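S.K.: Could you slot chain U onto chain P? The hints should help.
Residues per chain are reported as follows:
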Amino acid sequence: MKQHPHTPDPLTLGGKTFTSRLMTGTGKFTDFGVMREALAASGSQIVTVAIRRVELRAPGHDGLLDALNWDALQLLPNTAGCRTADEALRVARLARVATGVNWIKLEVIPDARYLLPDPVGTLRAAEALAADGFTVLPYVQADAVLARALEDAGCAAVMPLASPIGSGRGLRSPELLRTVLDGARVPTIVDAGLGVPSDAAQALELGADAVLVNTAIAEARDPVGMAHAFALGVQAGRAAFLAGRMPERAQASPSSPTSGVVRLPDPEVPV
Amino acid sequence: MTGPATLTVNGEARPLTPGLTLHALLRDLNVNPSRVAVGVNDDVYPGARAPHRTLEAGDVIEIVRVIGGG
Chain P
0 MKQHPHTPDP LTLGGKTFTS RLMTGTGKFT DFGVMREALA ASGSQIVTVA IRRVELRAPG
60 HDGLLDALNW DALQLLPNTA GCRTADEALR VARLARVATG VNWIKLEVIP DARYLLPDPV
120 GTLRAAEALA ADGFTVLPYV QADAVLARAL EDAGCAAVMP LASPIGSGRG LRSPELLRTV
180 LDGARVPTIV DAGLGVPSDA AQALELGADA VLVNTAIAEA RDPVGMAHAF ALGVQAGRAA
240 FLAGRMPERA QASPSSPTSG VVRLPDPEVP V
Chain U
0 MTGPATLTVN GEARPLTPGL TLHALLRDLN VNPSRVAVGV NDDVYPGARA PHRTLEAGDV
60 IEIVRVIGGG
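Heads up: the sequence lines are chains P and U, in that order.
The first sequence runs 0 to 270 under numbering that gives the first Met the number 0.
The second sequence runs 0 to 69 under numbering that gives the first Met the number 0.
Here chain U stands alone, though its shape is the one from the complex:
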C-alpha cells in the first residue's frame, strides 16, 4: 500500500495534485518567478521560464535566489 503522492519542495514534503506542472507550482506557492532558479531533480530552469512540465511523485524541487554572501 502506498501513501499519498508527494513532492519535496525546498526540503519539505508537499502533496502532489495530479497533473500539477512546475509553472503552476510556482504560481501556487506565490513565488515571483523573476530572479529565482528552479531545480527539478537534475534539471535546472530560470524561474521566469519554468516549463509546463508535469511533476511526478518523488520529484525533488529546489527554488533558490541570490542573496548576500562571500
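Next comes chain P alone, as it looks inside the complex:
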C-alpha cells in the first residue's frame, strides 16, 4: 500500500518555525516530574509560564525554570492575573527581565467568574507592548474585528478562547472562530476551554493554526497519556484541514450506487 507522503507543515510564529501545533501550559501539575513527562509526551515546543510575587516570608523560587530544557523550548510567559492594561504592561516587562524572553501571552482579565478578557484593555496593552519590541500573543474572545485590530497593532498571533479557562467545555462558538480565521494574517491559536483531544482536532479542522492546552492535560487521570492524546488530536485535525473536508448536506446522499439495486417483488411497494 502506498504511504501518504509526509508533508512538512511547519508553524511560523514570531519569526520562528515550529513543527508542533500543540502549546502546553505548566500550571496545575502535581509535580515537576509529571509535568516534564507530559510536556515530552505532548511534543510541545512552546510552553507557557506565569509570573508571581516571591513569598518574602519564605523566599526562594520553585525551580520551574530549572526543571525544563529551555534550549529546546520556546518560553511563553503570560500576564495571567492582570485586570488592567497597565498591570499587564508591568508584568510583561517584569517577565522579560525575569526570563530574558520577549514573547508574552497577553491576558487582561477583569472578570473573575468567567475569566473573560477585556478587549479594549487588551488592544491598548498590545499596542504598547508591540511598540516596545515584544512578540505579543493576545488572549481574546473570538471577535474578527478585534482580531484584525490586534494584527494591525503588530501582534504575532491572536488567541481566541474556545470556552472559559479551565472549563473543559470545548469549542462553544465555532461560527465565531470561523470569522476570525477568515482573512487572518497572523496565526490563530485557540486557547482555553479545550477538554479532550477531539476539541483540539475540531479547532485545527476549522483552520486554527495551533491550540494551547493546560488544565485538560494537568487534570487528566493520566496527564502523560492525555498529553500524548492531545498531540495526536492536533495532528489529526491539521491533517484533516489540509485534506479538505466534504461539504455538509441537509439530507442523506447514498455512498453506494443507486442503480442495479437487487429487488424482490413486493406488492406493497410500487415499482
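Any given hint might turn out to be false.
Listed next, with one range per pair, are the computed distances between beta-carbon atoms [to be verified]:
1) P:182 x U:27: 41 to 47 Å
2) P:80 x U:41: 16 to 22 Å
3) U:56 x P:35: 28 to 34 Å
Below, a sample of chain P positions facing chain U; criterion: calculated Cβ distance under 7 Å [stated by the list, open to error]:
4) 24
5) 25
6) 79
7) 82
8) 92
9) 173
10) 175
To give an idea of the chain U side of the interface with chain P (calculated C-beta under 10 Å), a few residues [claimed, not checked]:
11) 22
12) 29
13) 35
14) 38
Note that these hints are calculated values from the structure, not bench results.
Computed from a prediction, not measured in an experiment: that's the story for all the values here.
A virtual CB, placed ideally from N, CA and C, is assigned to each residue, including glycine.
M.R.: Same frame as chain P, but now just chain U:
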C-alpha cells in the same frame, strides 16, 4: 506632620532605612537574586543585576519569579 518613611514591597508597607539600595533590600529580604525580576515603580531589573539604586519613600517595589501557569 509626616509618619515614618515607608516602601511598598510586594504589596506590603515596609519601613525605609535611609540610604537603603535596591541591591541591599534584596539581601535584607534574603531573596536569591537569580531567576527573579524586580520592579521599582516603572523600572524593571533582573534580580541578579539589581542596581545600587537608593530607594525613596513611597517607592513601589515588586519582586517576582516564574511559576507554573497557562
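S.K.: Please name the hints from earlier in the document that this structure breaks, with their numbers sorted from lowest to highest.
M.R.: Numbers 1, 3, 7, 9, 10, 11 - these are the hints that the structure violates, sorted from lowest upward.
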